[in-house]
Amino acid sequence: MKNTIKVERAKKNWTQADLAKHIGMSRQGLNSIETGKFIPSTVLALRMAKAFNTTVEVLFQLDDREG
Amino acid sequence: MEQSAKIANRNSIIFALIYGATYIPAVWLLKHHIFGQHVSIIVAIVPVITFSVFIVKLIKAYAVMDEVKQRVQFEAVVIGFALTALLLMVLFLLSLCGISKPGWFGYAELGGYCWVFYYVGWFISIKKYGI
Chain F
258 MKNTIKVERA
268 KKNWTQADLA
278 KHIGMSRQGL
288 NSIETGKFIP
298 STVLALRMAK
308 AFNTTVEVLF
318 QLDDREG
Chain P
10 MEQSAKIANR
20 NSIIFALIYG
30 ATYIPAVWLL
40 KHHIFGQHVS
50 IIVAIVPVIT
60 FSVFIVKLIK
70 AYAVMDEVKQ
80 RVQFEAVVIG
90 FALTALLLMV
100 LFLLSLCGIS
110 KPGWFGYAEL
120 GGYCWVFYYV
130 GWFISIKKYG
140 I
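Taken in sequence, the protein lines are chains F and P. Count the first sequence with this note's numbering and you get residues 258 to 324, in order. Count the second sequence with this note's numbering and you get residues 10 to 140, in order.
In short, the hints are calculated from the structure, not lab data. There may be inaccurate statements among the hints.
[What the hints assert, rightly or not] Straight-line distance between alpha carbons at most 27 Å, and here's what the computed DSSO-like set of lysine-lysine pairs gives:
1. P:Lys69 with F:Lys278
2. P:Lys137 with F:Lys263
3. F:Lys294 with P:Lys15
4. P:Lys136 with P:Lys15
Keep in mind the model is a prediction, meaning the values are calculated, not measured.
This is chain F alone, in the form it adopts within the complex:
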């Protein structure tokens, strides 16, 4: 699973701490998601998409090998 969280953050000029505060989680946890080490739940992905004013599909995409 790949994501565009870093790109979306850059567009808004947000740090990881800013985004973490918006979606109500720890900065370390967000870093784990951003680096692809942890796949978030649907609720958290939707919350993240809402914070960026975008859709989950823009934020998260399946890898080629994942289908």
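Given the coordinates of chain F, work out where chain P should sit on it, guided by the hints.
Same frame as chain F, but now just chain P:
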């Protein structure tokens, strides 16, 4: 949410310290047979109560963690439980062979190993998720 997680986490640490502060003196008093049996039972119950409160606080802290931290705790408990079960099985099988070291593997020591295994699991998990 982050604030409530911090408060819950702080509470669990405070109650862990309270538990430690009651457990160590209780063990010392019971080992030295300072009181009669009835008072000794009451002394033995005190750390049980403080440990129970600590566990409740720990579960409350888990409930308000974000999902990455919950996963870390979950994997730490799974690894800790599996290693403790493995140790118990090995000790049981060795006891059937007539090999036992009660000084190293008594009830108190097994409790300690259980926590050590939990921290092994926690360390593996935080490395895995990079937090």
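Hint by hint, here is what the structure shows:
no., hint, verdict
1, P:Lys69 with F:Lys278, "21 Å, holds"
2, P:Lys137 with F:Lys263, "20 Å, holds"
3, F:Lys294 with P:Lys15, "24 Å, holds"
4, P:Lys136 with P:Lys15, "22 Å, holds"
Checked against the numbered hints given earlier, the structure satisfies every one of them.
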